[in-house]
Amino acid sequence: MEYNKSNGYNDEDMFNKIDTPDKAYIIGYMLSVGCICSANIRLSSPLAYREILEYISRVIGGDKCKVLTVSIGDKRFLGAMYETNNKNIITDVNKHSGKSGDRHLPIVKKELKRYLLLGFFDGKGYIDWGKRKDRNKVWQKISLISRYRLLEGVQNILIDEVNASSKIRPKGKGKQFILEISNKEDVLKFLDYIYPNDLFIISHRKYKKANALRLELGEFREDPRTLSETI
Numbered sequence: 001m002e003y004n005k006s007n008g009y010n011d012e013d014m015f016n017k018i019d020t021p022d023k024a025y026i027i028g029y030m031l032s033v034g035c036i037c038s039a040n041i042r043l044s045s046p047l048a049y050r051e052i053l054e055y056i057s058r059v060i061g062g063d064k065c066k067v068l069t070v071s072i073g074d075k076r077f078l079g080a081m082y083e084t085n086n087k088n089i090i091t092d093v094n095k096h097s098g099k100s101g102d103r104h105l106p107i108v109k110k111e112l113k114r115y116l117l118l119g120f121f122d123g124k125g126y127i128d129w130g131k132r133k134d135r136n137k138v139w140q141k142i143s144l145i146s147r148y149r150l151l152e153g154v155q156n157i158l159i160d161e162v163n164a165s166s167k168i169r170p171k172g173k174g175k176q177f178i179l180e181i182s183n184k185e186d187v188l189k190f191l192d193y194i195y196p197n198d199l200f201i202i203s204h205r206k207y208k209k210a211n212a213l214r215l216e217l218g219e220f221r222e223d224p225r226t227l228s229e230t231i
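Note that this note's numbering has the sequence shown beginning at 1, numbered continuously upward.
Worth flagging that the hints you see were computed from the coordinates, not collected in a lab. Accuracy of the hints is not assured; some may be wrong.
Taking lysine-lysine and the DSS-like style, the derived pairs with C-alpha atoms no more than 30 Å apart in a straight line are [as the list claims (entries may be wrong)]:
no., residue 1, residue 2
1, K131, K209
2, K208, K171
3, K184, K167
4, K206, K137
5, K206, K124
6, K109, K209
Throw the hints in and build the complete structure from the sequences for me.
Written as structure tokens, this is what we have:
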């Protein structure tokens with residue numbers, strides 16, 4: 001994606017319309033993990049997922065992704081952060097996603113929905129699997145954590161685009177909820193939807209984990225090369 005730089009930003013009006021994969025992915029990620037308010041948008045992640053924030057920094061411009069020390073209780077660890085206080089960007093993100101405390105997924109074109117969902121999943125999505133103790137079978141689960149209305153938007157995309165079933169349940173006593181997909185067929189539908197090929201991968205760590213689960217379930221392509229290598 002090419003932009004004309006202005007005041008350190010590649011395009012201060014880039015989010016006026018969500019009309020590219022990059023914009024759909026970024027706003028999905030922002031809604032998943034971002035602290036969005038009237039003064040700034042702050043994104044943070046564990047250091048292992050720093051590549052996501054570096055990508056966002058390159059696309060938006062402004063300040064670069066920073067590495068910082070995060071403290072939780074007595075534990076300290078390294079994390080990554082990207083922040084923007086550009087008024088145009090903040091106004092447009094809020095325009096598409098609603099007010100704080102009542103966020104919703106923005107309306108995007110059909111061909112951009114998977115990028116929106118991929119960004120959301122890269123922020124607060126998890127892939128888990130293991131062997132059942134009582135029988136020689138694999139259990140699998142996709143989980144996304146967020147507020148109910150946002151997860152409802154995710155659920156609607158899954159129903160409309162791939163006919164995948166999921167359930168939403170409360171996470172503890174707070175305002176967070178968990179969307180879960182556990183049926184093998186639906187898990188594979190989800191992974192095939194957000195990863196139809198390897199041409200738009202931002203978090204390589206999650207992509208590799210998704211492919212490891214595909215292999216475990218015996219549902220990966222026979223050719224060991226990635227799709228782009230076969231073209």
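Hint by hint, where does the structure go against what was stated? Just the numbers, ascending. none
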